[in-house]
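Turn these sequences into a full structure, and let the hints steer you where they fit.
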Amino acid sequence: MTFDYSFALSTLPAFLKAVGVTLQVGFIAIATSLLVAIVNACLATFRVPLLWRLVPVYVELARNTPLLIQLFFIYFALPTIGLRLSGFSSAVIAMTFLGGAYLTEILRAGIDAVPKAQIESGLSIGLSRWQLLRHVVLPQAGILSLPALFANFVFLLKETTVVSAVAVPEILYTTKNYIALYYKTYEMLAVMTGLCVLLFLPLSLLLGVLERRLQHGQFGS
Amino acid sequence: MASSGLDLLWVSAPQLLTGAGRTLGISAWAIVISSLGGFVYGILRNLGKPWLDRVLRVYLELFRAIPVLVWLYLFFFGLPIFLGVSIPAFWCAVLVLSLWGASEVGEVVRGALRSLPRGQREAGLAIGLGTVELYGRVLLPQALKRLTPPVINVYTRLIKTSSLAVLIGVVDITKVGQQIIERTYESVLIYGFLFLFFFFVCYPLSAASRVLERRWSH
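Keeping their order, the protein sequence lines are chains A and B. Numbering follows the numbering used here, in which position 214 of the first sequence is assigned residue number 214; successive positions increment by one, without gaps. Numbering follows the numbering used here, in which position 63 of the second sequence is assigned residue number 63; successive positions increment by one, without gaps.
Incorrect hints may have been included.
[Said to hold, decoys possible] For the chain B half of the interface with chain A, some residues (derived, Cβ under 8 Å), not all of them:
#, residue
1, 14
2, 16
3, 64
4, 122
[Unchecked claim] Computed footprint of chain A on chain B; a stretch qualifies when at least three of its residues, placed anywhere within it, have a C-beta under 8 Å from a C-beta of chain A:
#, region
5, 35–44
6, 176–188
7, 209–216
Derived by calculation from the structure, the hints in this document are not laboratory data. Each residue gets a CB set at the ideal place from its N, CA and C atoms; glycine is no exception.
Dropping the structure here:
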């Protein structure tokens, strides 16, 4: 078994593009998930009629089903009822559906952890509920849930590998494609693994350091 | 439409059951193996042997950092060319999920053991218990309450992640569903069914985890 270096090198431009797609799907999904989570947090905090009761239903549905099935539903089932989406859009929507639920849970926990006195002081100096949320609760809840949020950002970025199943040309899809076209399994697995280690391992290690640091911080305070 | 949908599910029930058996089979094997592996990992990390710690840390970081689907491809496509052995896709999925699950369960066990008061260990050693008895009779029973809720969460993640097996060619419930769609074009019905299938398997587990966590949080 010899490693075909020139072939591996020749695929690098395609793989660089694939890394770009991975990051693109990942970052868009993280941003939209965060948006969904903030909206949900507001709905729950303000007890918006009807809607705030739907938030936990959504969270449970999204958290207790696999991303792959959510993705297949959006990509393969929605077109039959007239909603045709590209692989990329399906990927972003499915990941937002999943990620939004996870981040909602985290923000909710963060909001619960903001001391009651903060809210009472805010109300006593005459802040409106919106001002209270915007200037007092969300900033503190955001800081409190930062480690968990970051952990879930990394989780979502890793989950982008699943969207290869609907032909989004990210790292795994590109790998599978090249294996099917040229049978260069050895080389492509090496490139895939190398890229994933380069992309995800530093993030994962950083996350570990961050979590340990913040634990120390908690002991000190 | 509604009745024809139910009819289709009813007619396809034997096929769907086989697929469900395969999906739950992968999950069940992975849950059993990763529980055993996780306990071994957690205890080994607690022994305080630096070289052992280093090896296990590398294992943990690799399985934590690299997505499960990448591991699935590596084992499924890689084992035949690197080691000359090819294992059936079903067992490949069990193997990868078990290795991943053991690292997750293992970290929970390690954390739970570490959170016990140090006096427990010292008292056990002082009355002359060996390592096996110390863990089996003193430390693990106490850690059990703390580790059960998060370990159940790992189980639900294993069940959800077992759905990826279809991508290396296991004829699991998703594949069976796709075969039915090829015949009938009922994709909303079938994917809706798959969605609910996973939900009704996973929701009771995550609800139980939450209840236990609340009950035992003191």
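Now for the hints, and whether the structure bears them out:
1. The restraint placing residue 14/B at the interface with chain A is violated, with a minimum CB-CB distance near 21 Å, outside the 8 Å limit.
2. Interface restraint check: residue 16/B against chain A, minimum CB-CB distance 14 Å, threshold 8 Å, status violated.
3. Interface restraint check for residue 64/B: the shortest CB-CB distance to chain A comes to about 5 Å, inside 8 Å, so the restraint holds.
4. Against a cut-off of 8 Å between C-beta atoms, the interface hint on residue 122/B is violated, since the closest Cβ of chain A lies about 22 Å away.
5. Counting residues of the region 35–44 of chain B whose beta-carbon sits less than 8 Å from any beta-carbon of chain A gives 0, not enough to reach three: the coverage restraint is violated.
6. Three residues within the 8 Å Cβ limit are the bar, and the region 176–188 of chain B against chain A gives 4, so the coverage statement holds.
7. Chain A is given as covering the region 209–216 of chain B, and this is violated because 0 residues of the stretch bring a CB closer than 8 Å to a CB of that chain, at least three being needed.
Checked against the numbered hints given earlier, the structure breaks hints 1, 2, 4, 5, 7 and satisfies all the rest.
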